[in-house]
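Trainee: Sequence:
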Amino acid sequence: MKKASLKDIWRSVRNGKKRFFAILIITALGMAMLTGLYAACQDMYYSADRFFEEQNLFDVQILSTLGLTGDDLDVLSQVEGVENADGVYSEEVFTEINGTRYTADMTTLSSKGLNRPYILSGALPQNPDEIAVPQSYLDESGKSVGDTLSIQEEEDGEETDEEDTSDSDLDIDVELEEETATFPVTTYTITGVVIDATNITNEENEGFRTSSGSDFTFFVAAEAVNSDVYTAVYVSLTDTGDINSFSDEYESTVDAFVGNIEANIKQQREQARYDAVVGEATEKLEDARQTMDEKFADADRQLAEGEQELSDGRAELSDGEKELAEQEKNAKEQFEKARNEIQDGKNELAEKRQQAESEFAGAQQQIDSAQTQLDESRVQIEAGLAQVKGTLAGAWPETEWNALVDAAGALAAAGSSDEDIARGTATQSNALYSALAAVTGSLSAGLQQQLGQLQAYLDALNQNPSASAEEKETVATSIKQLEEKKQQLDALPSSCVQLALGMGKINGGQAALDTEKAVFEQKKAEAIQQMDDAAAQLTDGEEKLNAEEEKAWAQIAQARQDIADGKNELTEGEEELNKNKDEYLEKKAEAEQKLADGYDELSDIDMTKWYVQDRTSLESYSSLKSDMSSIEAVGTAFPIVFLLVAILISLTTMTRMVEEERGLIGTYKALGFRNADISKKYLVFAFAACLLGGLLGDILGFIFMPKLISYIFDSLYILPEFYLQFDLLYGIGGIALFMAGIVGATAIACRSELQHMPAALMRPKAPRAGARVFLERIPIIWNRMKFLSKVTVRNLFRYKKRFFMTIIGIAGCTALVLCGFAIRDSVNSLTPKQYDNIYQYDLMVVADDKDYGELSQELSGQGALANHMDVRLTTVGLINSSENSENVQLMVVPDDASLDGYINILDLSGNKISLGEKDVLVTRSAANTLGLKEGDTIELEDSDLERRETVLTGVVQNYLGNTVYMKQALYDELFGDYAPNAMLADLNDTVTDQPAYAESLLQNGKVLSSLSTTAQIEEFSFDLINAVVLLLIVMAGGLAFVVLFTLSNTNISERIRELATIKVLGFYDREVHQYVNKETLILTLIGIVVGLPVGRVLSGFLTSALNMPSLYFEVNVEPFSYIISAVISFCFALIVNLMTNRTLNRIDMVEALKSIE
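Reading the sequence shown from the start, the letters are residues 26 to 1182 in our numbering.
Derived by calculation from the structure, the hints in this document are not laboratory data.
Accuracy of the hints is not assured; some may be wrong.
Straight line, CA to CA, 25 Å or less: simulated SDA-like cross-link-like pairs of lysine to any residue [said to hold, decoys possible]: (1) Lys943 with Gly886; (2) Lys43 with Arg972; (3) Lys1031 with Ser175; (4) Lys815 with Glu594; (5) Lys357 with Glu574; (6) Lys875 with Arg972; (7) Lys1103 with Gly902; (8) Lys634 with Gly902; (9) Lys634 with Ile286; (10) Lys606 with Lys875; (11) Lys604 with Glu594; (12) Lys576 with Lys604.
Turn these sequences into a full structure, and let the hints guide you.
Mentor: Okay, here's the thing in C-alpha cells:
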C-alpha cells in the first residue's frame, strides 16, 4: 500500500514536471531573496566582528580635553568588567611624497595588544625608529618594506631668531605646556604593511563620506613617543568576547559599562586631572616669579657700574679734541696759500690757450673758404668741358688741352697776373685754338649744307599752295635751330681756350693753398707744445703740494681717528648700556606679561571633560553598520512580495492539479481510501517541490549571493577574509514559512474537492456558466469586434481566479522591477542634483592655515582662476542632545562675502536662501540622522575635542556629504580667530582639463587637497547599491517569468478540451496561438498598469530606508524606468507565449476530447 502510494506520487511528479519545477523555482527565488541579502549582511557583520575580535579592537575608548595619565589608566583597569586597558598617543603629522604634502595620524602601538594592526607583510615596529604603514601609502609613494620615510610635526607658529643676540640670562620660562617634539625621531624605517583595525574603510572608494581628514595612519612603537600623557585610553571588556559587536546584546553590554564609567568614575577623574594640571601650572608660575626677581636685581647693579665708566671716558675725549682742532687750523692756512698760487698759474695758462685756439680757428676758417671757392670753380669748368667734349663727339684735342692747362697752372702758382699768364701761354692757346677750329670747321660745313637743303625745301613749300602752314612752320623752326647750333660751334675754339686758362689758374691756386696749410699746421703744433710744457710744470708743483698736504692731513687724521675710536668705544658703551637697559625693561615687561598671561591662561583652563565612546565613534564601524542596515531594509520588503506571489501561484497550480485528478480522487474515495491518504499525495508533491526549492534557495542565498555581493564589499571595506555563515532561523525557518504557505494552499485545494461524494467526483465537473460581459452592453464597440476578440473578452472574465492571479503576479513582479530601477535612478540622480543644483564652483583647494595666504597668491598669479572665494574648511563633530554625533564638514564664510555663484543654499522647499551673520545651517542628511530640526541646540566638537554650543537655525538641501555653514563672526565667537585655509574657485575657459589641473596642484607642497567637481562627477559610484539593484531586477524578472509560465500552462491545462475542440473545428495553429496568447498579453498589460504605481509607492518606502549618514536619497524615477520595467514584463510574456505555443501544437485532440471519459 505504501509502495503503491509512493509510486503514484512519483508518477505525479514525472507527469507534472512543469508544475513541480514551477513551485520549486518560485520557492528557490523566494528563499534566495529572503536569505541572500540578509545572509550577505550577516556574513559581513560576522567577518568584521571576527576581524575586530582577532585584532582585539577596543570596546570603549576614553578621550579627555586635558589628556589622560597613568593614574587614569590604573583606575580604569580596576573597573569591574574590564579585561584590558591601555593608553596610546596619537598626533597628526606631515609627510611628503614626490613634493606633495600629506597628513598622517601617527599612533603608538598598545603594549597590551589592543587595536592591533593586521599585518599584511613584514612585522610591527619594535624600535623607536621603525614604523608600519598602510598599503595605500606604499601605492602612493612607490616605496616598499625596508625603505625610509620622514615626518614633520605640526608647527604651532613661526618662530623668529631676533632675540638670539639678547642676554638669555634674563629669559624666564612660564609656558604651561612643553614645546618639545612629541616624536624625537623624524626618519623611520618601514618594517611592515598593515590594516588599521580602527578603520577598515577602503579610502579609494570613500567618495561621498566625510572622513577625518588624514591621508594615512602610521604605527610606531610606544618608545618612539616623548610624552607621559595619553591621547586616549582603550578598554576591552570581559563580557563582550562571545557577542557579535553589531548585535543589540553587545550594544546594551557596552552601554551599561559606559553608564557605569560616566556615573562613578568620570567626574572624579576629571576633577583629579584638572587639579593636577592647575597645580603643576601654579607651581611653575610661582617658580618663574622668584627667578624673575633675582635676575632683575642683579641687572640693576650692573647697569649702575656701566654708567660711571662712561662718564670718565667722556672727560678724556673732550681735552684731546681741543688740541687737535688748533693743529688742524694752522695746516689748513698754509696749504691754502700754496694752492692759490698754483691755481693762478693755471688760470693764466688757460687764458693763453684760449686766445691761441681762437686765432687758429680764424686762420683755419680762411683756408677752408679758399678751398671751397677753388672746388666750386673746378666743378663749373669741368661741367663746361664735359659739354664741349659731348659736342665734338670724340674729336677732342687732349694733348693741346693739357699743355695749355699745365702752362697756365705753373704761371698761376708762381703768382703771375692774368696778363702775364695770357702772354706766357699764347703759343699753347693758339695750338689749342687751331686744333679745335679744324674740328669745328668740318662740323660747321656739314651744318651749312643741311641749312641749304632745308632752305630749298622751305622755298618749295612756299611756292606750293597746297602745303600746310604747320609743315612750313616746322621746317622754319629746324632752320633756326641749325643756325643757332652753327653759331655755337663757330665760337667753341675761343671758349675752350678760356676754359683751359681757367683750369690752369685753379690748379696753380690749389698748389699755393696747400703750401699755406702746411705752414699753418706747423705753427699751431709749436704753440700747443709750449702750452703743454707750462701745464706740466704746474701739475708737477701741484702733485708735490698734494703729497705734502696728504702727509700732514694723514697725521691729523690719525689723531682724529684716535679720538673717533675713543668716541666709538664710548658710544658703543653707551649703546650697549642703553641696549641692555632697554632689554632689561623689555625683558622685565615681557616677563611680567608672561606671568600675567600665565595666570590668565591658568584661569582659562576649563574643567577636564571625558568623552566615553564605544565603537560607533569609528567612522568605518558606523558606515558598515549603516550600509548593511540599508541592504537589509531592501532585503526585507522583497521576500514578502515573493512569498505572497508564491502562495497565490502554488494555490492556483495545486488547485488545477487536484481538479485534473478529480475522477481519480473519486475512485480512491469509492475504494475506501481516507481523505488524509488521498491528500497526502498532493501534500507530498507540494512539500517535495517546496523543500527542494528551499534547499536550492538556501544554496543561492547563503553561498552564491553573499559571495557575489562580497566583491562589492571589497571595494568599500578592507577585510582580510569574508566568512560565510548559515543562519538556522532563516535557512530552515524560511523553508518552513514557504512550506506553510504552499502546502497550506495545497491542503485548501484538496479540502475543497474532498468534500464532494465519490459519485460526484467521478462525474465531469460542470463547465463554468457563461455570462454577459459589460462590453456586450455597448453595441457600438461589441458589434465591431472580431469573433476571437469577443471570445478573448469573455474568457478573461469567465476565469476570474486566473484573471486576478495573473494580474497580482505580474503587478508584483513589475513593481519589484520598477523598484529596482527607481533605486538606481535615485542613486544616479545624486550627482546632477549635487553638482548642478547645489555646488556651482569648479575647484576646491585646501591648505594648511600658515601656507594658505602664499598659496592663494600663487594660484591667483597663474591666470587659471576666473574668480575665487576664501573660506575655512574643517571637520567637526555634530552632536545632538542625546550625545549622538556625526562627522561633518564645517564651512566658514567671511562676513563680507557671499556663497552666491559658488554654492546654492536651498531650504527644504527648494527656495534659495542666504547665510546670515548668526545662522547655523545643517544639511538634511545629518539633520535626519541625528533627528535635528530648526531651533534645536547642537554642539560642534573640533579636533582638539573642544565643544561649542549653538542653535540650529535651518536645515538645507544636500545630497552627497554633510556640511555645516556659518559666518566668520559666529565662528570667531565660538572657536576663536578665523583664518581661511581653502578656496572655492571657478576656472577660466583656458583650462580645458579641469581634473588634470586639480591633480597638478597636488604637486605643490602647500596643497593638502585639490578637488575638481568634474572629477567628482566622473568618479562617483555607488557599486554596493547598484549591485543589489541589479540582483533585485534579475530576481524579479525571474519571478515574472515563472509566474507567467505557470499560469499559462495552467490555463492550457484547464481548457485543453476547449482548445482541442477549436482545433477540430479547423482553426489554424496561428489562430489557436492567438486564441490563448492574446489573453496572456492583455492580462500582462493590465498587471503592468497596476504594478507601475504600486512600484512607485514601494520605491518611496525602500528609498527612505536607504538613507545613510552621508547621503540623502530623494525618490527619483525616470520615465525610461517605467518603460523598461513594462517592457521587461511584456517581453517575458512574449517569451512565455513562444514556449506555450509548442505545448498548443502538441495537443492530442482525440485524447483531450475523450479525457472526460
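Trainee: It remains to establish, for every hint, whether it holds in the given structure.
Mentor: Tested hints:
Restraint check for lysine 943 and glycine 886: not satisfied, since their Cα atoms lie roughly 34 Å apart, outside the 25 Å limit. Distance check on the hinted pair: lysine 43 and arginine 972 sit about 68 Å apart at the alpha-carbon level, beyond 25 Å; violated. With a C-alpha separation of about 17 Å, the suggested pair lysine 1031 and serine 175 falls inside the 25 Å cut-off, and the hint holds. Note on lysine 815 and glutamate 594: the hinted pairing is violated, with a Cα-Cα distance of about 129 Å set against a maximum of 25 Å.
Between the alpha carbons of lysine 357 and glutamate 574 the distance comes to roughly 9 Å, so the proposed pair stays at or under 25 Å and holds. About 24 Å separates the Cα atoms of lysine 875 and arginine 972, which keeps this hinted pair within 25 Å; it holds. Restraint check for lysine 1103 and glycine 902: the C-alpha separation of about 62 Å exceeds 25 Å, so the hint is violated. Note on lysine 634 and glycine 902: the hinted pairing holds, with a Cα-Cα distance of about 16 Å set against a maximum of 25 Å.
Taken as a hint, the lysine 634 and isoleucine 286 pair is honoured in the structure, with Cα atoms around 13 Å apart against an allowance of 25 Å. Of the pairs offered as hints, the one joining lysine 606 and lysine 875 is violated, with about 35 Å between alpha carbons and a cut-off of 25 Å exceeded. With a C-alpha separation of about 15 Å, the suggested pair lysine 604 and glutamate 594 falls inside the 25 Å cut-off, and the hint holds. Between lysine 576 and lysine 604, the direct Cα distance comes to roughly 40 Å. Violation of the 25 Å bound is thereby established for this hinted pair.
When the structure is compared with the earlier hints, violations turn up for hints 1, 2, 4, 7, 10 and 12 and for no others.
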